[in-house]
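Enquirer: As a plain string of letters, each chain reads:
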Amino acid sequence: MASLLDHTARGETVGYSFSQSAAAPVKQHGFYPYTDNGGSTLGITGSDFAILAGDTRSTSGYNINSRMVPKVFKIGGDDETGEGAHIILSVVGFAADGNALKERLDSVVKMYKYQHGKPMSVSACAQRLSTILYQKRFFPYYVTAILAGLDEEGKGALYSYDPVGSYEREQCRAAGAAASLIMPFLDNQVNFKNQYIPGSGEGHALEAKKAEPLPQDHVKQLVRDAFTSAVERHIEVGDNLQMMIATKDGIQEVYHPLKKD
Amino acid sequence: MNHFPEAWGRPRDDVYGAYNPSYLQTTGPKAHTSSPAVTGTSVIGVKFNGGVALATDNLASYGSLARFSDVKRLRVFGDKAVVGFGGDVSDMQYIDRLLASIDIRENYSNHGNMLNAKNLHTYLAKVFYKRRSEFNPLWNHVLVAGYDGEGKPFLSSADLLGTTFSAPHLATGFGAHLAVPILRRLFPDEKPIEEVTQEHAVDALKQCLKVLFYRDARSLDKYSIAVITKDGIDLKENEQIEGQSWAFAERIKGYGAQTN
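Heads up: the protein sequence lines correspond to chains R and P, in order.
Residue numbers for the first sequence follow full-length UniProt numbering, beginning at 1 and rising by one.
Residue numbers for the second sequence follow full-length UniProt numbering, beginning at 1 and rising by one.
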């Protein structure tokens, strides 16, 4: 009698898959939400201006998506063209994040003007940009941003960022694919690193050449030289050079051709 | 028949082996699309003087299986915009429904102006970017063709990550490797689109489709082509690639079964 009621004994001998026994392995996401669109950007300040520049090539892998995708934007302008803006932003890295970031900062600067009746200062905008980036600390905007304009004293101001919002004010900064090629050139030519005054002493007593703000034409030539050199050695940089110059008269935008190979 | 009602109709483990319970899992992470299933291959587009031309073939593949050979992948929106879809076909059909609802809403609105191709591209790029940010991507790469707000020819691309770019000629998928070099040679940067005629553009697209059919294993010789001009959209959905010559195949040597 006991054997007739012993359901489990018989069930186990034949075996049916009633319950979920062994835990299934956890599935991994096969979707990577980032890509690198290449390109490089660069910013330099002077006593009464700031320049932001970037190449206009967009890449994915070894493909060139387009030869004309600007990376430098006017922020907080009055219309679609950016007319009336006094702040400029460059973004390099993942272009879709770059666009989203640009549009967020643009609307923030516009709202500030509507609500306070005065344009946002560059230092305030710089802090806000850091906050926007840090808000996405655990799913970052995969971009290196540079923000530029004129400070309250009318001097050139430039702020550089990492993807999660660390930032500092600098005289010059290169970012993106060819940053490692351009930045040492800038250290030497803008901040006069490893340059000494001839005949000022022997050995360690040599006096270092002190950095001072450079004139605008000289800086523009440095930017062009930096990019023509980067194009020679980096495949993701090329096509056109876009430059934006912020002065007290507003923002001027110029394009120069670069090698297209 | 045995005395366990819950076992009736179930496969016996001693006959069929234990059922793999991972298929019945209700816990764990929610599974979103992590790879496309039924896919369309390249989309190619060229701007010309006064308009844009866009083309795709009519194939939807299931992996390497040519599954559906009559799938139209060009979608007309309004009366002067066309979207060409590459990538997942079910996601294409979802976006098609999205666009249909926008089309209805805009047509019933009283402001009277329809979304142009540039507006449509911005919208699609934002949909793609939002979905990738939710880790639930729409697995497509699209080209949008038509006119911008100033009435100039417009051609732009958007993909599953929300990446966007624009150029006088564009191609997705395999076409980015095979069609773009042909188009860049035919219409170099120095030659403005005002010097490209409609006939040249359409001929170039046909040439590209032929090269793609020769070399892209997931392509078909039946294709759709849309020509957008100020007069409207000329959409042909049952075209056949003409003038094929497989003579080149005889000269291919050095790999595969035959090695000399």
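Think of the hints as simulated: they come from the structure by calculation, not from any bench.
Some hints could be false.
[Stated by the list, open to error] Restricting the straight-line Cα-Cα distance to at most 20 Å, the calculated cross-link-like pairs of lysine to aspartate or glutamate (DMTMM-like) are:
#	chain 1	residue 1	chain 2	residue 2
1	P	152	R	103
2	P	130	R	36
3	P	118	R	170
4	P	118	R	80
5	P	126	R	103
6	P	236	P	250
7	R	110	R	79
8	R	260	P	106
9	P	210	P	237
10	R	260	R	217
11	P	126	R	261
12	R	102	R	261
13	R	118	R	78
14	P	130	R	225
15	R	259	P	190
16	P	191	R	261
17	R	102	R	79
18	R	220	R	249
19	R	259	P	189
20	P	130	R	103
21	P	72	P	234
22	R	110	R	80
Enquirer: Any hints this thing doesn't respect? Which numbers, in order?
Expert: Those not satisfied are hints 1, 3, 6, 8, 10, 11, 12, 14.
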